[in-house]
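All chains, full assembly: derive it from the sequences and hints.
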Amino acid sequence: MKQFLFLLLAMATWGLPESFAQDIPLSQILIPGEDWELVSAGYGFTEGPAADASGTVYFTDVPADKIHVIALDGQVTVFDDQAERTSGLYFGPGGDLYACRNGGRKIVVYRRQSDGQLNPQPEVLAEEVNVNDLVVDRWGGVYFTNPKESRLEYVAPSGYVRQVATGLNPNGIVLSADGGTLVTTERDQPWLWTFRAEAGGMLTSRSSYYGVVQLPSPEEKPKSDGMTFDDQGRLYLASEVGVQFFDPLGRQSGVIAKPQPAFLSNVVFGGPEFNLLYATCQDKVYRRKLNATGKPDWLPKPSESNN
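Following numbering that gives the first Met the number 0, the numbering of the sequence shown begins with 0 at its first residue and continues without gaps.
Mixed in with the good hints, there may be bad ones.
[What the hints assert, rightly or not] Straight-line alpha carbon distances no greater than 16 Å define the calculated EDC-like cross-link-like pairs of lysine to aspartate or glutamate that follow:
hint, residue 1, residue 2
1, Lys105, Asp72
2, Lys294, Glu272
3, Lys257, Glu33
4, Lys294, Asp230
5, Lys288, Glu36
6, Lys65, Glu83
7, Lys65, Asp80
8, Lys222, Glu197
9, Lys257, Asp282
Keep in mind the hints are simulated off the structure, nothing from the lab. On a predicted model such as this, the values are computed, not experimentally measured, just so you know.
If you want it as structure tokens, here you go:
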């Protein structure tokens, strides 16, 4: 375990200036005068924000069975109006969009076409699965949370499904930019679980590497949900108190207040420069400009995935 924590620390701080490795306060991330900006409203329950290689952001309206897309100019349109209560979304290394359909108990993939656009008719990758949220590794395998059966599962590119971690009630899930570290939340527990993600979907070295999640009060639950990393290895967690910010050493270093009092489900970096933090918050979607960027290092541009 100690060896794994050392590896995590080395990974998180590799290539960072010494000042970053020692202390990264939230004040270095927030930009004076910048606040949450309303992007779109009027939904039932927003979830699953995911950015493609251009910075275009997709999100779901779960009860409406819809997936929406936020163009770089801010225009919001419907991408899929038969999404079967899709919650989690994630872009894979080939530019394909993966989605977990709670209503249909399946994981589907919207493939990137030769013209660079997503095929609106998805392929089914896995069926008869209890899926809540998901991430995709660099080989096209899918890790997903199954809170109903208290486990994490993995879908190989072939479609074969197997469990990879048990004894937890996973909710949100995220991979580090290099794909080597997986983090999952438990909605009602004040901790995050960290694993080393190996080839073939294997998870090793389970640890509660990150500090304790802040609670609204001693009697309340954290309601920890979706997460995202920035390109310096800092973690952003959607929770009841707001967006909790953890530095690469695992320390909780501050909280960005929620854009509204309603439930905050998830966050992701997007926009042309990947410095806009998008937040799905109940019936609305917001964004906030930060002094940070969060584009995955290994995600190719759509034009590159066509080669």
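Okay, the hints, checked on the actual structure:
| no. | hint | in the structure |
| --- | --- | --- |
| 1 | Lys105 <-> Asp72 | violated (32 Å) |
| 2 | Lys294 <-> Glu272 | holds (8 Å) |
| 3 | Lys257 <-> Glu33 | holds (14 Å) |
| 4 | Lys294 <-> Asp230 | holds (7 Å) |
| 5 | Lys288 <-> Glu36 | holds (9 Å) |
| 6 | Lys65 <-> Glu83 | holds (8 Å) |
| 7 | Lys65 <-> Asp80 | holds (4 Å) |
| 8 | Lys222 <-> Glu197 | violated (28 Å) |
| 9 | Lys257 <-> Asp282 | holds (13 Å) |
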